[in-house]
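Each chain, written out:
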Amino acid sequence: METMKIDRRQAAIMLGATGLLAAVGSARAADDSLEKIKKAGVVRVGCEAENPPFGFRQGSGGKIVGYDTDLATALFSPIGDHPEMIGTEWASIIATLYAGRFDIIMSGMTYTKERAARVIFSIPYVDVSFAMLIRSADKDKFKSLEDLAGHKIGVELGSPGATIASGLDEKLKKSGRKSFEAIRTYSEYPPAYLALAQGSLDAVLNVAPSLGVVLRDSPGKYVVVQGVGPQKWAGIASNKENVELINFINQGIRRLKASGEIYTLQEKWFGFKMPLPDEIPAL
Amino acid sequence: MAIDWGVYVSALPILWEGTIATLEISFCAIILGTLGGLVLGILSLSAWGPARAFVRGYVDFIRGTPLLVQIFLVFFALPVVGISLNETWSGIAALSLNCAGYVSEIVRGTVSGVEEGQSDAAKAIGMTRIQTIVYILVPQAIRPMLPAMTNELISLIKNSSLLSVIAVYELMNAAKGIIATDFVPFQIYTLVAIFYFIMVSLVASLSRYVERRLPAW
Numbered sequence: 367m368e369t370m371k372i373d374r375r376q377a378a379i380m381l382g383a384t385g386l387l388a389a390v391g392s393a394r395a396a397d398d399s400l401e402k403i404k405k406a407g408v409v410r411v412g413c414e415a416e417n418p419p420f421g422f423r424q425g426s427g428g429k430i431v432g433y434d435t436d437l438a439t440a441l442f443s444p445i446g447d448h449p450e451m452i453g454t455e456w457a458s459i460i461a462t463l464y465a466g467r468f469d470i471i472m473s474g475m476t477y478t479k480e481r482a483a484r485v486i487f488s489i490p491y492v493d494v495s496f497a498m499l500i501r502s503a504d505k506d507k508f509k510s511l512e513d514l515a516g517h518k519i520g521v522e523l524g525s526p527g528a529t530i531a532s533g534l535d536e537k538l539k540k541s542g543r544k545s546f547e548a549i550r551t552y553s554e555y556p557p558a559y560l561a562l563a564q565g566s567l568d569a570v571l572n573v574a575p576s577l578g579v580v581l582r583d584s585p586g587k588y589v590v591v592q593g594v595g596p597q598k599w600a601g602i603a604s605n606k607e608n609v610e611l612i613n614f615i616n617q618g619i620r621r622l623k624a625s626g627e628i629y630t631l632q633e634k635w636f637g638f639k640m641p642l643p644d645e646i647p648a649l
Numbered sequence: 003m004a005i006d007w008g009v010y011v012s013a014l015p016i017l018w019e020g021t022i023a024t025l026e027i028s029f030c031a032i033i034l035g036t037l038g039g040l041v042l043g044i045l046s047l048s049a050w051g052p053a054r055a056f057v058r059g060y061v062d063f064i065r066g067t068p069l070l071v072q073i074f075l076v077f078f079a080l081p082v083v084g085i086s087l088n089e090t091w092s093g094i095a096a097l098s099l100n101c102a103g104y105v106s107e108i109v110r111g112t113v114s115g116v117e118e119g120q121s122d123a124a125k126a127i128g129m130t131r132i133q134t135i136v137y138i139l140v141p142q143a144i145r146p147m148l149p150a151m152t153n154e155l156i157s158l159i160k161n162s163s164l165l166s167v168i169a170v171y172e173l174m175n176a177a178k179g180i181i182a183t184d185f186v187p188f189q190i191y192t193l194v195a196i197f198y199f200i201m202v203s204l205v206a207s208l209s210r211y212v213e214r215r216l217p218a219w
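Line by line, the protein sequences are chains A and B.
Note that the numbering used here numbers the first sequence so that position 233 is 599, with each residue one more than the last.
Note that the numbering used here numbers the second sequence so that position 48 is 50, with each residue one more than the last.
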C-alpha cells in the first residue's frame, strides 16, 4: 500500500485544527448557562398555556399569567431578568426544549424516571398529587379510582395521569376484575372537562390545584376526589448541561421558602399552602 | 343551555387580535408560497429532466404527507440543521412550502393547458422555450389559474389554525386560551367559525372581482 506523504503545509493545518478543537473542548467544560441568561436579560420558560392556575392567558396579547409566571419572576428578578412565558404543546415539551425554543420548563412537571433521563430537575416547587374530577351527581358512586372500573376516564397526553390510569388498568386486568372501559387521551384539558360534563367520560385525572380552578369556575357541577395516586411533586426542568442554571434556581427556591414568599404565591393561586421537601424525591 | 353574553364582550378583543395574527401569517405564507409555486411550476415544464424530477418529487412529498406532520418537521428538524426560526416564521415556512407544492401543480396544469397553437406560433417566430413560457403561455394561464388559486388561498387561511400546536398565537390559539379559563367552548368556537367565515368570504369576493376585471382572451 502506498504510504501517505504529508508535506509541511498539511502538517501545520492538522496541528492547528487539533489545537482549535482542544481549545473549544476545554471552553465547553465551563458551564455558562447562567451567564447566558444573565446577558440575555430574559429567561424563556416553556409552559402550558391552557392549564390554570399554573399558566393561562389573560388580557390583550394573550399574556400567560399564573403561579409559574409569578414564581419565575421572583426567582429571576435578583439577576435582573424577567421571564418570557412560551405556551407550547405539553406532549412534545421536552423535544421543544432541546430544539432551543426555551431555557426551562415549568407547568408543574412531575418527576418521573423517563423525564429524569432526559432533563435535570430542580428541587420541588409545587405539590402535584393527582386527583380526579367527577360530576356532582356521581359523588357517592365513585369514591376512588378503582370505583371507576368499567367506566371511561380522560387523561392528558404526556401527563402522569396517563401512566397512573394505565398502571391501574393493568392491575385490574391481572387480578381478574373489570378494568376501565376506555382511557381517552386529550392534548389539553378543556375538551376533557367538556366530555365529562356531557357524559362521554366519567372522570378526568389532573393535579389537584388545576381541578380546584375547575370547581371554582363551574360551582356545583363537579366534585374532586383526592388521593388518586401516590404523593407527587413537580420541579423546574432544563437541558442536562444547564447545571449552573438549575443550581441557581434551587438557591432561589430555598430563598423563597425561607422568606415565605413561595407560600404566599401558593395561597394566591391555589388557595392553600403546600409543604415542599428540600431534595428531589427518589424515583 | 344558558348563554353567557358577558363572555362575548371579553372574548371579542382577544379573538380580534388572533384574527389579525392569522391574517398576517396567511398573507406572508400566500406571497411566499405563490412565488415558490410559480417558480416550481415553470421548472416542471423545463426541458431539463432533473428539474422536472425534482419538482415531481417535491409535489409528491407535499401532497403525500399531512400538513400537521410538515409543520412539526419544519419546527423540530430545522434547528437540527442549524436554521433557527422563531415559531411564527417556522409556521409561515411550513405553510409556504405546502402552498408552493399545490400552486406548482395549478401552474403546471393551466400553463400546459394553453392551446398548442400558441406555443407552435411562438416557436415559428423563433422564441426560446423559456421566452414562450414566460411571455406567451403564463399570461394566458392566469385567468384559468384564479379559481384553483382561490381554493388554495382559502385552504391556507383555514389551515393556519393548525399552527396552534407549535405555540403560534393566532385565532385558534387565542380561542383555546379563552376556553381554558371561561369554560364556554360552544360559544367561543361559534364565534371563531364566524371569524374564519368572514376572512374566507373576503378572499372569495376579492377573487371574483379580479376575475371579472381580467381581460378574457
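In short, the hints are calculated from the structure, not lab data.
A hint or two may mislead.
[Unchecked claim] Across the chosen pairs, the derived CB separations fall in these ranges:
#1 A:Asp535 to B:Ala79: 33 to 43 Å
#2 A:Asp535 to B:Arg65: 31 to 41 Å
#3 A:Ala528 to B:Val82: 36 to 46 Å
#4 A:Pro647 to B:Leu208: 54 to 64 Å
#5 B:Pro52 to A:Glu610: 28 to 38 Å
#6 B:Phe199 to A:Ile445: 41 to 51 Å
#7 A:Lys539 to B:Pro52: 37 to 47 Å
#8 B:Pro52 to A:Ile445: 23 to 33 Å
#9 B:Arg65 to A:Glu610: 46 to 56 Å
#10 B:Phe63 to A:Ile445: 29 to 39 Å
#11 B:Leu208 to A:Pro444: 35 to 45 Å
[As the list claims (entries may be wrong)] Partial selection, computed: residues in chain B whose CB lies under 8 Å from chain A:
#12 Glu26
#13 Ala169
#14 Tyr171
#15 Ala176
#16 Ser209
These numbers were taken from a predicted model, which means no experiment stands behind them.
Using N, Cα and C, we set each Cβ at its ideal position, and we do this for glycine too.
Consistency of the hints with the structure:
no., hint, verdict
1, A:Asp535 to B:Ala79: 33 to 43 Å, "holds, 35 Å"
2, A:Asp535 to B:Arg65: 31 to 41 Å, "holds, 39 Å"
3, A:Ala528 to B:Val82: 36 to 46 Å, "violated, 28 Å"
4, A:Pro647 to B:Leu208: 54 to 64 Å, "holds, 60 Å"
5, B:Pro52 to A:Glu610: 28 to 38 Å, "violated, 51 Å"
6, B:Phe199 to A:Ile445: 41 to 51 Å, "holds, 48 Å"
7, A:Lys539 to B:Pro52: 37 to 47 Å, "violated, 57 Å"
8, B:Pro52 to A:Ile445: 23 to 33 Å, "violated, 55 Å"
9, B:Arg65 to A:Glu610: 46 to 56 Å, "holds, 48 Å"
10, B:Phe63 to A:Ile445: 29 to 39 Å, "violated, 46 Å"
11, B:Leu208 to A:Pro444: 35 to 45 Å, "violated, 54 Å"
12, Glu26, "violated, 14 Å"
13, Ala169, "holds, 4 Å"
14, Tyr171, "holds, 5 Å"
15, Ala176, "holds, 6 Å"
16, Ser209, "violated, 31 Å"
Comparing the model with each earlier hint shows violations of hints 3, 5, 7, 8, 10, 11, 12 and 16; every other hint is respected.
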